[in-house]
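**Student:** Sequence:
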Amino acid sequence: MKSPTFKAPRKVAAALPSGEVARLAQRLSELTTHLLSSQAELERRAERVERELASANRELEAKIQENERLRVCDKMAALGTLSAGVAHEIRNPLSAVKGYASLLLREGNLAPKQRQWIERILTGANDCADIVTNLLVFASPDRLALEAIEPRELLDGACELALADIENPARWTIETRADAPRFAGDRVKLRQAVRNLVANAIQVQPQGGWVGVALTLQDSMIEIGVADAGPGVPDALREKILEPFFTTRAEGTGLGLALVHTIARLHEGEVQVSPSRSSRGGADIRLRIPFHPAS
Numbered sequence: 031m032k033s034p035t036f037k038a039p040r041k042v043a044a045a046l047p048s049g050e051v052a053r054l055a056q057r058l059s060e061l062t063t064h065l066l067s068s069q070a071e072l073e074r075r076a077e078r079v080e081r082e083l084a085s086a087n088r089e090l091e092a093k094i095q096e097n098e099r100l101r102v103c104d105k106m107a108a109l110g111t112l113s114a115g116v117a118h119e120i121r122n123p124l125s126a127v128k129g130y131a132s133l134l135l136r137e138g139n140l141a142p143k144q145r146q147w148i149e150r151i152l153t154g155a156n157d158c159a160d161i162v163t164n165l166l167v168f169a170s171p172d173r174l175a176l177e178a179i180e181p182r183e184l185l186d187g188a189c190e191l192a193l194a195d196i197e198n199p200a201r202w203t204i205e206t207r208a209d210a211p212r213f214a215g216d217r218v219k220l221r222q223a224v225r226n227l228v229a230n231a232i233q234v235q236p237q238g239g240w241v242g243v244a245l246t247l248q249d250s251m252i253e254i255g256v257a258d259a260g261p262g263v264p265d266a267l268r269e270k271i272l273e274p275f276f277t278t279r280a281e282g283t284g285l286g287l288a289l290v291h292t293i294a295r296l297h298e299g300e301v302q303v304s305p306s307r308s309s310r311g312g313a314d315i316r317l318r319i320p321f322h323p324a325s
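Just so we're aligned, residue 31 is where the sequence shown starts under the working numbering, counting upward by one.
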């Protein structure tokens, strides 16, 4: 760095010996050079600290994400262990309830009120059976039965199952679009996942509404998007709604979307809860799995 040259004011220079003026000018030049050098060093240190801080922040964020992933995995593992036992204990007595209720419905001398009560018992038993089926997926998360899947059949079957669980399904308009080739996947689990997504979209619109379901091929990924015209998902809940037992509905189990998440992970995919609203102002949830051509 070149040292700046200083000239003393004329009045000051005239009052001092010429040697003193030169010495002061040299000293000022040295001080200025030192200050400039110190400033450059401070700037270099500030840049280094800024880089180190950014790196530390990235590491901290990665650790937080990893801890969150491990927490969810631990929760899933505990749920799987619990699910296996609960499903085993519930399935046998539940089958007995369904069997006896079905036998009672075959009786020809039932009063209308009696028939209604038995039908409600059977409906409740079927709901419990669905919950047991969901629990078994958590209990055996590593099992996939891969087969060729026809996109249109997958969507139609899932939507029919979702509508079969509700009263007066005509109150909801479900629009489906399948624009992808056949692909390999677990038909039963994926149908359950789409059914749960559609059922969730229906449940957030209790008075009726619109549900859009689209299966497309995007960048070597099969994407199944389900949108609705409900209230949407608050930013603070976008990650939580995929966790087991988390629900915003008093009558909900908190297993539906968690099951979708598990099925996506089994297929080495993911579930995305879009931060933006759907075309109708509601939620937009997408299940994405790698595309494997059907053999």
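In short, the hints are calculated from the structure, not lab data.
For each residue, glycine too, the CB sits at the ideal point set by N, CA and C.
One or more hints might be untrue.
Cross-link-like lysine-lysine pairs, in silico, DSSO-like; alpha carbons within 30 Å at most [unchecked claim]: (1) Lys219 / Lys128; (2) Lys143 / Lys219; (3) Lys270 / Lys93; (4) Lys128 / Lys143.
For each label pair, taking beta carbons as the anchor points, the in silico distance ranges come out as [unchecked claim]: (5) Val218 / Arg78: 29 to 37 Å; (6) Ala70 / Phe275: 51 to 59 Å; (7) Gln248 / Asn198: 32 to 40 Å; (8) Lys93 / Ile196: 16 to 24 Å; (9) Arg101 / Asn198: 26 to 34 Å; (10) Trp147 / Gln248: 47 to 55 Å; (11) Thr163 / Phe276: 13 to 21 Å.
**Student:** Check the structure against each numbered hint from earlier and tell me which ones fail, lowest number first.
**Tutor:** Violated hints (numbers, rising): 2, 5, 8, 9; every other hint is consistent with the structure.
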